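Number of protein chains: 2
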Amino acid sequence: MNLEQSLAEVGGRVDKTLDGLLPREGRLAEAMRYAALAPGKRLRPFLAIEAGRLLGADQEAVLRAACALECIHAYSLVHDDLPCMDDDDLRRGRPTTHKAFDEATAVLAGDGLQSLAFQILADPKTHADAAVRADLVLDLARAAGADGMAGGQMLDLSGSPHLERMQAMKTGALIVAAVQIPLIVARAADDVRSRLVGYARDLGLAYQIADDLLDAEGETEELGKAAGKDADAGKANFVTCLGVESARRKRDDLARSATARLDLFGDEASSLRDVVEFVLNRRR
Amino acid sequence: MNLEQSLAEVGGRVDKTLDGLLPREGRLAEAMRYAALAPGKRLRPFLAIEAGRLLGADQEAVLRAACALECIHAYSLVHDDLPCMDDDDLRRGRPTTHKAFDEATAVLAGDGLQSLAFQILADPKTHADAAVRADLVLDLARAAGADGMAGGQMLDLSGSPHLERMQAMKTGALIVAAVQIPLIVARAADDVRSRLVGYARDLGLAYQIADDLLDAEGETEELGKAAGKDADAGKANFVTCLGVESARRKRDDLARSATARLDLFGDEASSLRDVVEFVLNRRR
Numbered sequence: 019m020n021l022e023q024s025l026a027e028v029g030g031r032v033d034k035t036l037d038g039l040l041p042r043e044g045r046l047a048e049a050m051r052y053a054a055l056a057p058g059k060r061l062r063p064f065l066a067i068e069a070g071r072l073l074g075a076d077q078e079a080v081l082r083a084a085c086a087l088e089c090i091h092a093y094s095l096v097h098d099d100l101p102c103m104d105d106d107d108l109r110r111g112r113p114t115t116h117k118a119f120d121e122a123t124a125v126l127a128g129d130g131l132q133s134l135a136f137q138i139l140a141d142p143k144t145h146a147d148a149a150v151r152a153d154l155v156l157d158l159a160r161a162a163g164a165d166g167m168a169g170g171q172m173l174d175l176s177g178s179p180h181l182e183r184m185q186a187m188k189t190g191a192l193i194v195a196a197v198q199i200p201l202i203v204a205r206a207a208d209d210v211r212s213r214l215v216g217y218a219r220d221l222g223l224a225y226q227i228a229d230d231l232l233d234a235e236g237e238t239e240e241l242g243k244a245a246g247k248d249a250d251a252g253k254a255n256f257v258t259c260l261g262v263e264s265a266r267r268k269r270d271d272l273a274r275s276a277t278a279r280l281d282l283f284g285d286e287a288s289s290l291r292d293v294v295e296f297v298l299n300r301r302r
Numbered sequence: 019m020n021l022e023q024s025l026a027e028v029g030g031r032v033d034k035t036l037d038g039l040l041p042r043e044g045r046l047a048e049a050m051r052y053a054a055l056a057p058g059k060r061l062r063p064f065l066a067i068e069a070g071r072l073l074g075a076d077q078e079a080v081l082r083a084a085c086a087l088e089c090i091h092a093y094s095l096v097h098d099d100l101p102c103m104d105d106d107d108l109r110r111g112r113p114t115t116h117k118a119f120d121e122a123t124a125v126l127a128g129d130g131l132q133s134l135a136f137q138i139l140a141d142p143k144t145h146a147d148a149a150v151r152a153d154l155v156l157d158l159a160r161a162a163g164a165d166g167m168a169g170g171q172m173l174d175l176s177g178s179p180h181l182e183r184m185q186a187m188k189t190g191a192l193i194v195a196a197v198q199i200p201l202i203v204a205r206a207a208d209d210v211r212s213r214l215v216g217y218a219r220d221l222g223l224a225y226q227i228a229d230d231l232l233d234a235e236g237e238t239e240e241l242g243k244a245a246g247k248d249a250d251a252g253k254a255n256f257v258t259c260l261g262v263e264s265a266r267r268k269r270d271d272l273a274r275s276a277t278a279r280l281d282l283f284g285d286e287a288s289s290l291r292d293v294v295e296f297v298l299n300r301r302r
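Which chain is which? The protein sequence lines are A and D, in order. Residue numbering for the first sequence follows my numbering, starting at 19 and increasing by one per position. Residue numbering for the second sequence follows my numbering, starting at 19 and increasing by one per position.
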């Protein structure tokens, strides 16, 4: 199975599980489903599940926790797209949640998705051991909060000059949280932990640089969102700061570093290596 | 000590603990602190702490969990006040968070406060037993989410005709969550649980009707927010639906019912009884 097939297979399982976890009735449920079940790669769940396979972690626990992580990711997209934030009308080629519904519903759908994420993690159905459930909550809450994703988005809006730190918080924290899920579930040893966390950090930054390169070079149609937006807005990103050539070099260095961290795991880690390649070559 | 003194004493402890739990650096931290440490009665933490005293629950655990609950309450006020929601400029007599900062910062401050709530609950410092921590997360996540507070706000914005159900979700869920904290921490028996939950349900509804009566009868200066807002907006509430007299009667019936549920606990429950009186007599 190549990466595209693996992503599709895992994405299908994630969507099916998410579908069962999301509320069903009323306008808020509808908006939460619209946001969380939107077409997407489910890259973070994929990282959690593939790292989980590598570690022999309980698959059902990892799958449910990966759905919780996807809820946090989905909520952040809904709120980041709001007119008072990045003001985006399109996301993955379809209207953003506040366009498909309205702003108030989008704010509440994001809020509801965040609550749902922690509800899923704390549910005994996710894992029989309460210590695992509490640790999953603690790690994801930190990754999502003021020292993680939300704090990174604040730095981004404030035009922070610390681009790498901002991105490590804004997008990196949830990618690291993805590998933390199976590390927590499998109660992995410290050396395994530091390697996978290092892999996720490198991958997350390479991913963001690749995103900035796409923004600078891509076409709106290919991206499913407006291209050249950062440069047009006079917003600093890795390309506007480093230039295209240096940004590419940095992306490639990080990709090599991410791959090297997987050496310990041998052939078993091939799908995690493929993700690095995918980030290097992605067109959208 | 009368209720006013008890509220002030407990409020002081809650604010001191919250102060230590909230982040300190940067604009997002500043906005989160502005929202969570705003002057207020800290009624929900008070209910948690007083019910905890009654049950002999670990005080430090209840105090920290009560701070988490207050974070959820504070986040909901920040988001509810946004221009796309209730569009309020004043809250407790001072500018709302999006007025004191800006809309994007207010959205993120609310998001960060929600994450912080679950981070506090899942932290081993809150309770040594992970099962207690996970149960606290599960209960508060349910109370805050699509089947609770966020869902209730959605029904409110949609102009739901099911006023009582809407209010039970929008404001009642967090008041019930307040008494659930010590019930979970003390692992209370079912009969104790059903009495305190019943008390909180009655109290929450009485509180909302009292709020609607104040909105209809109060003065802007006394309230610290615009009076007569619901009627001006043509919005249904207990007064516009039932009329002032019936609304008062319903409030009083609920207050009597709430008080009766405390009979089991004798004199020990006097402060919880005082809260009912306070709701009946409150002027702001």
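I should point out that these hints are in silico values taken from the structure, not numbers from a laboratory. Small disclaimer: the values here were computed from a predicted structure and weren't measured. Be aware that a few hints might be false.
[Said to hold, decoys possible] So the derived list for chain A, only partly shown, Cβ under 10 Å to chain D, looks like this:
{"no.": "1", "residue": "L46"}
{"no.": "2", "residue": "A47"}
{"no.": "3", "residue": "P101"}
{"no.": "4", "residue": "C102"}
{"no.": "5", "residue": "P113"}
{"no.": "6", "residue": "H116"}
{"no.": "7", "residue": "A118"}
{"no.": "8", "residue": "D129"}
{"no.": "9", "residue": "P142"}
{"no.": "10", "residue": "D147"}
{"no.": "11", "residue": "L154"}
{"no.": "12", "residue": "A162"}
{"no.": "13", "residue": "D165"}
{"no.": "14", "residue": "V210"}
For each residue, glycine too, the CB sits at the ideal point set by N, CA and C.
Results for each hint:
1. L46: Check passed: Cβ of L46/A comes within 4 Å of chain D, closer than 10 Å.
2. A47: With Cβ-Cβ at 6 Å, under 10 Å, it holds.
3. P101: holds (8 Å)
4. C102: holds (4 Å)
5. P113: violated (16 Å)
6. H116: holds (8 Å)
7. A118: violated (15 Å)
8. D129: holds (5 Å)
9. P142: holds (8 Å)
10. D147: holds (8 Å)
11. L154: With a minimum Cβ separation of about 8 Å from chain D (threshold 10 Å), the hint on L154/A holds.
12. A162: holds (4 Å)
13. D165: holds (7 Å)
14. V210: With Cβ-Cβ at 22 Å, over 10 Å, it is violated.
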